[in-house]
Amino acid sequence: MEILNSILPELIRIVICAVCGAVIVFGNALVMGYAERKLAGHFMLRPGPMEVGFHGIIQLVVDGLKLMGKQLVVPAKADKPLFMLAPILAFAPVFIPLLVIPFSDKLQGFDLDVGLLLILAVASINVLAILIGGWGSNNKYSLFGAFRSVAQNVAYEIPMLISLLAIVFMTNTFSLREIAAAQSPVWFVILQPLAFLIYIVAMVAETNRAPFDLPEAESELTAGFHTEYSGMSFSLFVLGEYANMFIVCSIATVFFLGGDSGIPLPYFEYSGAIWFLAKVYALMFFLVWIRWTYPRTRFDQLMNFCWKYLIPFSLVNLLITVVMVKLI
Amino acid sequence: MKSYFSELFTGGWSLILGLKVTIKSLFSPIVTVQYPREKLEITPNYRGHIDLVKDPENGSHKCITCGSCMRECPSDCIVIEGEKREGVKGKVLTVFTLDFTKCSLCGACVEACPTDALDYSNEYELAGEARSDFYFDILKRVEERK
Chain A
7 MEILNSILPE LIRIVICAVC GAVIVFGNAL VMGYAERKLA GHFMLRPGPM EVGFHGIIQL
67 VVDGLKLMGK QLVVPAKADK PLFMLAPILA FAPVFIPLLV IPFSDKLQGF DLDVGLLLIL
127 AVASINVLAI LIGGWGSNNK YSLFGAFRSV AQNVAYEIPM LISLLAIVFM TNTFSLREIA
187 AAQSPVWFVI LQPLAFLIYI VAMVAETNRA PFDLPEAESE LTAGFHTEYS GMSFSLFVLG
247 EYANMFIVCS IATVFFLGGD SGIPLPYFEY SGAIWFLAKV YALMFFLVWI RWTYPRTRFD
307 QLMNFCWKYL IPFSLVNLLI TVVMVKLI
Chain B
73 MKSYFSELFT GGWSLILGLK VTIKSLFSPI VTVQYPREKL EITPNYRGHI DLVKDPENGS
133 HKCITCGSCM RECPSDCIVI EGEKREGVKG KVLTVFTLDF TKCSLCGACV EACPTDALDY
193 SNEYELAGEA RSDFYFDILK RVEERK
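Residue numbers (this note's numbering), protein chains in the order written: chain A, 7 to 334; chain B, 73 to 218.
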């Protein structure tokens, strides 16, 4: 009974955190799915979705219902267990990073000492899901998409890690809350502009979004790794993608944009969380903006850019940071 | 080594210029016309199917039922009938139909008309469910327009 009393609060906390995480994942997918299509329209002087509800506001709900009603088609010679496992593997891990993201001082699931490591480790599972999905589909386009995704994600994880490592050297901690708290006078985007730039580029590549959307390049590979997926198994990939966007933008906010810091809004306890979400969605808007601006890179350009520019620059940045930290 | 950095800067600058172009278009007005609800003004030069011109003098049409258009039509899609009436000079038009399923919009009827009674209409919403939707009663159309 005493054991139960000691672990019960923790269990309740875990359940509440998981529910909040699910709300964030699905709510974010609804908001971003609508915002992305609407913004895509306005970038091309079109109105975007207009038919369902006022200015198409419930279009995503209708789309979700349609996807749920669709049949899950498994190709005849596909590797069925792997084929069905891949969307789950792409979607399930996105809840874990949400547990350690500090939305505000009080609004955080768990403040782990190794928060950053946890996020980066779990985020890498996405690559495995894409590889499994592409391999299990028994389709050349899927396989090409999966290969590209693995090469791209492995390459771009290096500059991403190194640029974040510069911040870790400055703050001496992996805990996200302490990193956010460490930039109360100046945000790290001012002290580490190069690391921020490198992180933004690597972040776009990590989430497989345009201009680095080679794994699903529709003009070359029909839909890349999710060519053979239909209905909910397809939408799990999309949900995972949007949740990953949210996670990488949250990391950028915590590491470079001061986390929840901002002008305190009057009479409101959770102004920190509002500032945090405002920064995250500003970054998401930027992601949508560059998606509808830049054409897709060629694969050799993609790899050249990473290995010849991003990694050397991030290493130099890290070296300078280390020297400065030692001297000051 | 020099080209390594110059490429980086020219490339980066072009990326910023690209972002400027798209953000401008984000805040530009939408050019899409929501068709069934909004319609564009159609140019008067548009050549739709033929229509009888309304005569401002007598409020009716100028057709004298000569039958030039019917004879000139290469697709045989115009049918005209007229009759003599007491007290009226010349023939009176009683039937003017156009079989638009056969019409090739060549305009020979408009060219042939001696009184300029025919002209192209601005009708472009011509979807129909049956063949019979395209047998137009031109005479009825001009009377309805009065």
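Certain hints may be false.
As the list claims (entries may be wrong) - Lysine-lysine pairs mimicking PhoX-like chemistry, simulated, CA-CA at most 25 angstroms apart:
#, chain 1, residue 1, chain 2, residue 2
1, B, Lys111, A, Lys44
2, B, Lys74, A, Lys314
3, B, Lys92, A, Lys44
4, B, Lys156, B, Lys134
5, A, Lys44, B, Lys96
Note that these hints are calculated values from the structure, not bench results.
*Do the alpha carbons of lysine 74 of chain B and lysine 314 of chain A lie within 25 angstroms of each other, as the hint requires?*
Roughly 14 angstroms separates the two Cα atoms, so the pair holds.
*Does the alpha-carbon distance linking lysine 111 of chain B and lysine 44 of chain A stay inside the 25 angstroms limit?*
holds (22 angstroms)
*Quick one, are lysine 92 of chain B and lysine 44 of chain A close enough, alpha carbons at most 25 angstroms?*
holds (19 angstroms)
*Could you grab the alpha-carbon distance between lysine 44 of chain A and lysine 96 of chain B and see if it respects the 25 angstroms cut-off?*
Measuring from Cα to Cα gives roughly 16 angstroms; hence the hint holds.
*Hey, lysine 156 of chain B versus lysine 134 of chain B, does the alpha-carbon distance stay inside 25 angstroms?*
The given pair, whose Cα atoms are some 16 angstroms apart, holds under the 25 angstroms limit.
The structure fails none of the hints (numbered hints given earlier).
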